[in-house]
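Asks: For this one, chain A is given, so just place chain B on it according to the hints.
Protein chains: 2
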Amino acid sequence: MSEKLNQLKKLLGEVSDIGRAASVLGWDQQVNIPPKGHEARGQQLATLSKIAQEKFITDEVGGLIEDLKSELNGADNDDAAMIRVASRNYDKAKRVPPSFIAEQAVVSSKAFEAWMEARSKSDFSIFQPHLEKVVELVRKYVSFFPPADHPYDTLLDDYEPGMKTADVKAIFDPLRPKQVELIKAITSAKQVKADFLFKKYNEKKLIDFGVDVITKYGYDWSRGRQDKAPHPFETTFSVDDVRITTRFEDDNPTATLFSTMHEAGHALYEQGVNPAYERTPLASGTSLAVHESQSRMWENLVGRSLPFWEHFYPSFKKTFSSQLDGVGVKAFYKAINKVEPSLIRVNADEATYNLHIMLRLELEIAMVEGS
Amino acid sequence: MSEKLNQLKKLLGEVSDIGRAASVLGWDQQVNIPPKGHEARGQQLATLSKIAQEKFITDEVGGLIEDLKSELNGADNDDAAMIRVASRNYDKAKRVPPSFIAEQAVVSSKAFEAWMEARSKSDFSIFQPHLEKVVELVRKYVSFFPPADHPYDTLLDDYEPGMKTADVKAIFDPLRPKQVELIKAITSAKQVKADFLFKKYNEKKLIDFGVDVITKYGYDWSRGRQDKAPHPFETTFSVDDVRITTRFEDDNPTATLFSTMHEAGHALYEQGVNPAYERTPLASGTSLAVHESQSRMWENLVGRSLPFWEHFYPSFKKTFSSQLDGVGVKAFYKAINKVEPSLIRVNADEATYNLHIMLRLELEIAMVEGS
Chain A
0 MSEKLNQLKK LLGEVSDIGR AASVLGWDQQ VNIPPKGHEA RGQQLATLSK
50 IAQEKFITDE VGGLIEDLKS ELNGADNDDA AMIRVASRNY DKAKRVPPSF
100 IAEQAVVSSK AFEAWMEARS KSDFSIFQPH LEKVVELVRK YVSFFPPADH
150 PYDTLLDDYE PGMKTADVKA IFDPLRPKQV ELIKAITSAK QVKADFLFKK
200 YNEKKLIDFG VDVITKYGYD WSRGRQDKAP HPFETTFSVD DVRITTRFED
250 DNPTATLFST MHEAGHALYE QGVNPAYERT PLASGTSLAV HESQSRMWEN
300 LVGRSLPFWE HFYPSFKKTF SSQLDGVGVK AFYKAINKVE PSLIRVNADE
350 ATYNLHIMLR LELEIAMVEG S
Chain B
0 MSEKLNQLKK LLGEVSDIGR AASVLGWDQQ VNIPPKGHEA RGQQLATLSK
50 IAQEKFITDE VGGLIEDLKS ELNGADNDDA AMIRVASRNY DKAKRVPPSF
100 IAEQAVVSSK AFEAWMEARS KSDFSIFQPH LEKVVELVRK YVSFFPPADH
150 PYDTLLDDYE PGMKTADVKA IFDPLRPKQV ELIKAITSAK QVKADFLFKK
200 YNEKKLIDFG VDVITKYGYD WSRGRQDKAP HPFETTFSVD DVRITTRFED
250 DNPTATLFST MHEAGHALYE QGVNPAYERT PLASGTSLAV HESQSRMWEN
300 LVGRSLPFWE HFYPSFKKTF SSQLDGVGVK AFYKAINKVE PSLIRVNADE
350 ATYNLHIMLR LELEIAMVEG S
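Going line by line, the protein sequences match chains A and B.
Numbering-wise (numbering that gives the first Met the number 0), the first sequence opens with residue 0 and increments by one.
Numbering-wise (numbering that gives the first Met the number 0), the second sequence opens with residue 0 and increments by one.
Calculated directly from the structure, the hints in this document are not laboratory data.
Just to be clear, a hint being listed does not mean it is correct.
It does not matter which identical chain is used: a pair holds within one copy or between any two.
[To be verified] Within a straight-line C-alpha distance of at most 20 Å, the following computed SDA-like cross-link-like pairs (lysine to any residue) qualify:
#1 LYS68 / GLU38
#2 LYS9 / GLU38
#3 LYS9 / PRO96
#4 LYS316 / PRO280
If we strip away everything but chain A, and leave its shape as in the complex, we get (with noise of 0.2 Å):
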């Protein structure tokens, strides 16, 4: 058996390595990349997922599976659920031709790149066909799979394994009056004064202070780095190499503040990772949601408490003492947590962020569904 898991090893962490590679240059082109250079990227990035494609899905490593799962068959141990996992995504994989993966990295690329020129001019109409081309791309993809309950199921399944679209129906539909009712009934009663957090704060030291802060959290500074990009992230390039991006907008450091903490919650989460599953299908977070509820935990659960402000504010209202003016902690705490229907999820107050993923299910699905 030993011989099998180390050939599957093998083959499994060339195809991790060239997937790393295509995070790097994802990172790269949200990061660094110069305007003209998207177009070329879009290439490299289709040759390379097509590449990790096409050596994922080879009849070797499907062999190797099946032979591994039967000998590993119900024993509790780190290889017995490597296998499960590589078999799992083995058998998704292998309904999705390379070259279809190839197409939608060259799309999803244009579609970055004019997401950010809409975004920089504020015109919907840059981005709309290429969101377009995107959506279409993702009903093509579903429809490679045996139909489901639900076509967004496929789509959900590769985030929430085993997750339905019922499933989350089933948590969401109950909550969401809820939600709206206690919305309703924090923005119907007196406001908390929260102006002190539109004005203009120094870019530099509010960055600083987001690394102080993340620092103390944990985050690895000799395994990772943080960069500035118009959309906040997390990517792993290995266990050693965990990187977050923030980003900094004038009148509004919150924005910076709550971005480093949610991203930096990621990259505790994959810092943790065993170097031992290293190279392996199970070198990551085990699905979407359970990584959320990592970078919601230090941004919400603790950077948001205000045991959290008591410790910090100090020496922030030393470092932004015009701003805070008159500010105490507990001003700033009830500010912070201030909750108003807001367009942006990323800035969204602990509230209405709920709100935001419930409409985001909903868009999703219908654009699926194509109604």
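Replies: What follows is chain B alone, placed relative to chain A:
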């Protein structure tokens, strides 16, 4: 023919994509990577290099090249040139096992990490065992090829197609004594004053000045960017993404200035490549010597000339008025051209630089010979 040509271009395009992706990973490793990220990066580079090699030396690629060679025989056009270069590269690559390429990538990556540490600690012993391994692999590489007049010929040919070690010696041997004589004559004459070049210059202002200079050279920032790295270099991800790095040294402003100009020279060459050559073996410089002719032209013939500084010195002096107090343009011009033997090639003046190159050739030949 067109169908075969298209198929070959498609296959070579994928090989090029993988190579460019590896360049992105290499750039990131020199510019951004966190301290512990090197090991996984070496593995990723090994996998990419191995796959690029495997995809290049297939029988299909070889067959297409052979067919197209006879069909295009004697033609004087870009396609014929592409086939000529592809054929040359193919015949060489075919001799080198992909597993060797992978091993070399891992060894180089570890050596680079060790070099950085050795450099920052000024301790050669950290780098020595890695250098020995690098040299061992270089000699193994040579062994894959039929014996040449000199083992160094095989290596030289990768950078200067068709050039022999004896050819280089025939150029260097008569030049060397004259160059030594020239340098002796200069260094025994009355020395020019250059103490104002060994002061602290503000890093950001210095880099900004370099940016201004190479913008006027014609470096296109929409198709490139400049970052800081321990060693200055130029790297190409596509004709629309040609990046350079520079470095900053305390008390040595010219290290930054002339590195920037030198690398911009390489970049101007690469940004000027015909976009029609993209993703083919023609999409890069003709040879390393031609490349250096461009970089050194912009660094020396332009950047160390009196007319250049007659244009730029007023603003430079205004920016660094305290360092350059009482220094006129002619004195500055003489100082940046001061000839003085030094240890670091990339910081060397125009006259001693040539000796660095000659010495380096001798060292490399000695290492390959094991003498």
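Asks: If any of the earlier hints don't hold here, list their numbers in rising order.
Replies: 1 and 4
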